[in-house]
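**Q** Okay, here's what each chain looks like letter by letter:
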Amino acid sequence: MFSRSRRKNHPRAGNIHTRDHALECVPVKNPQITEQDNGDGELCLTYQVRIRPWFQNIVRKISGRGDDIIERRLQLDVLGTTVWGMIDGQRRTREIIDDFQSMHRLNRREAEISVTTFLKELGKRGLIAMREERN
Amino acid sequence: MIQGSPAPYRQDIGWNGLFLQLPPSWQPAVIYPAYLYFEQDGQPALEVKWQKIHGRFSAAKILAQLEKSLAPGVEQEHWDLPEDLKSPLASYTVTGFQLQQENRHSHGLVIFCPACNRVTLLQWYIDTTREHHQLAHILDSFRDHNEGADRLWTIFDIRAHLPGEAELQSHEFLPGRYTLCFDLKGTAITLYRFKPAAVLLNRKNIVEFGRSLIDRQPLEEGKDQASWLFKAEGMELLLAKARRNPVFQWMRLWHEPRHNVILGIRAEGKRRMETGILDRLCENYTSLEPH
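Chains as they are written, first to last, in our numbering: chain E, -8 to 126; chain S, 202 to 492.
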């Protein structure tokens, strides 16, 4: 009746060090990014990415450009812009979550998932890096 | 009901007939219709699983099943609930157990309620001796069925009283959007909770926001509230029935600036429903201060 089948995505206690460790890291912005305010409280980030070699030929044929760097844009919504603004190279992820939670009156878990998912997305695109803080 | 004062602030958990009062730092991490898992600072704090039983209750049988399903290296032993913790659970049949692993230790109870024929497996990871007061309060607050006709649903920052017949069909707790779907005598009732309202209503009013949920003209609209009603009639009724579409749709959304939240209830079905019942549902659906 009460078999303890572990379901997919069930949090495990083993993740605790990784999670705690991640929350103590400080997100740092990539200095090569340019920010553009669209006037509605939303930012558009422009960043450069190096194209993979096997894409390079295709891009060269289509665009006629010879370089292997292209420009990408990321439009942030109001919430994304808020979190982006909190990344100052000083605040830890945990502190950003705290501020985001109180600013929007969210519950802890909701704020944590929103902020960490967003930071993960920024990290994947190379817009931020995570710096370990040594105590 | 709950002894001791001054009582520290607790969060109420009301889910599918189960009721518990827990420390606010215990956050629901896994939510299923008959299973809840809470964490405190990312570490396991409490697990609850429950089920109605058919036939005779046997704690030994349940514990044997539990033992069989344990991971290698985990040992299950009998555990006696301390005398002073027994009194709040006097109306239940209670059997204690403990699980021992290399670096983790937990205690649990198999609780059988003869009144509703429900068995609950409660397992906590806090230190039973050190957190005795905490545990006493949790056990004291434990209820596995409602005395009245309505059932309390409260988790995170929402609280609703729904008729006992409302059966949970699905639920989703996404950041910014909670959705709970129920079946109430053939009518689909959906509870919504959207946050942060200040951002969501930044460039649109509540009617425009509601358009993403219902494709109808609003019946009433105000600054912080809007409602929609659709009743198929004549040809439309025949068509809706032929296409197996709902013949009745009703929705209300309201904005609570104090909690920065938009709440909403939607009902739809193949039969018309009294809007008075829906008004009562709305009155009994509120948002709470987040913790």
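A hint or two may mislead.
According to the in silico footprint, chain E covers these stretches of chain S (three or more CB under 8 Å from chain E) [to be verified]: (1) 276 to 284; (2) 398 to 407.
The calculated label-pair distances, taken between Cβ atoms and stated as ranges, are [claimed, not checked]: (3) E:GLU123 - S:PRO225: 22 to 32 Å; (4) S:ILE478 - E:GLU15: 28 to 38 Å; (5) E:ASP11 - S:TYR210: 37 to 47 Å; (6) E:ASP90 - S:PRO225: 16 to 26 Å; (7) E:ARG43 - S:ASN485: 52 to 62 Å; (8) E:ASN48 - S:GLN302: 49 to 59 Å; (9) E:ILE61 - S:TYR210: 52 to 62 Å; (10) E:ASN48 - S:ASP384: 54 to 64 Å.
Simulated from the structure, these hints should not be mistaken for lab results. Predicted model, so just to flag it, every value in this text is computed and none were measured. Heads up, the beta-carbon is just placed ideally off N, CA and C, and yes, glycines get one too.
**Q** Against each hint, give a clear statement of whether it holds in the structure.
**A** Each hint, compared with the structure:
Check result for the segment 276 to 284 of chain S against chain E: violated, 0 residues qualifying (beta carbon to beta carbon below 8 Å, three or more required). Figure legend: the segment 398 to 407 of chain S, annotated as covered by chain E; annotation consistent (4 residues with Cβ-Cβ distances under 8 Å, at least 3 required). Between GLU123 of chain E and PRO225 of chain S the C-beta distance comes to about 30 Å, which sits within the given range of 22 to 32 Å. Between ILE478 of chain S and GLU15 of chain E the beta carbon distance is about 50 Å. The supplied range of 28 to 38 Å is therefore violated.
Distance hint check: the CB atoms of ASP11 of chain E and TYR210 of chain S are about 25 Å apart, inconsistent with the given range 37 to 47 Å. The beta-carbon spacing between ASP90 of chain E and PRO225 of chain S, approximately 19 Å, falls within the hinted interval of 16 to 26 Å. As the Cβ distance of ARG43 of chain E to ASN485 of chain S is approximately 56 Å, the hint placing it in 52 to 62 Å holds. A hinted range of 49 to 59 Å for the beta carbons of ASN48 of chain E and GLN302 of chain S is consistent with their spacing of about 56 Å.
At about 53 Å, the beta-carbon gap between ILE61 of chain E and TYR210 of chain S stays in the expected band of 52 to 62 Å. The beta-carbon spacing between ASN48 of chain E and ASP384 of chain S, approximately 57 Å, falls within the hinted interval of 54 to 64 Å.
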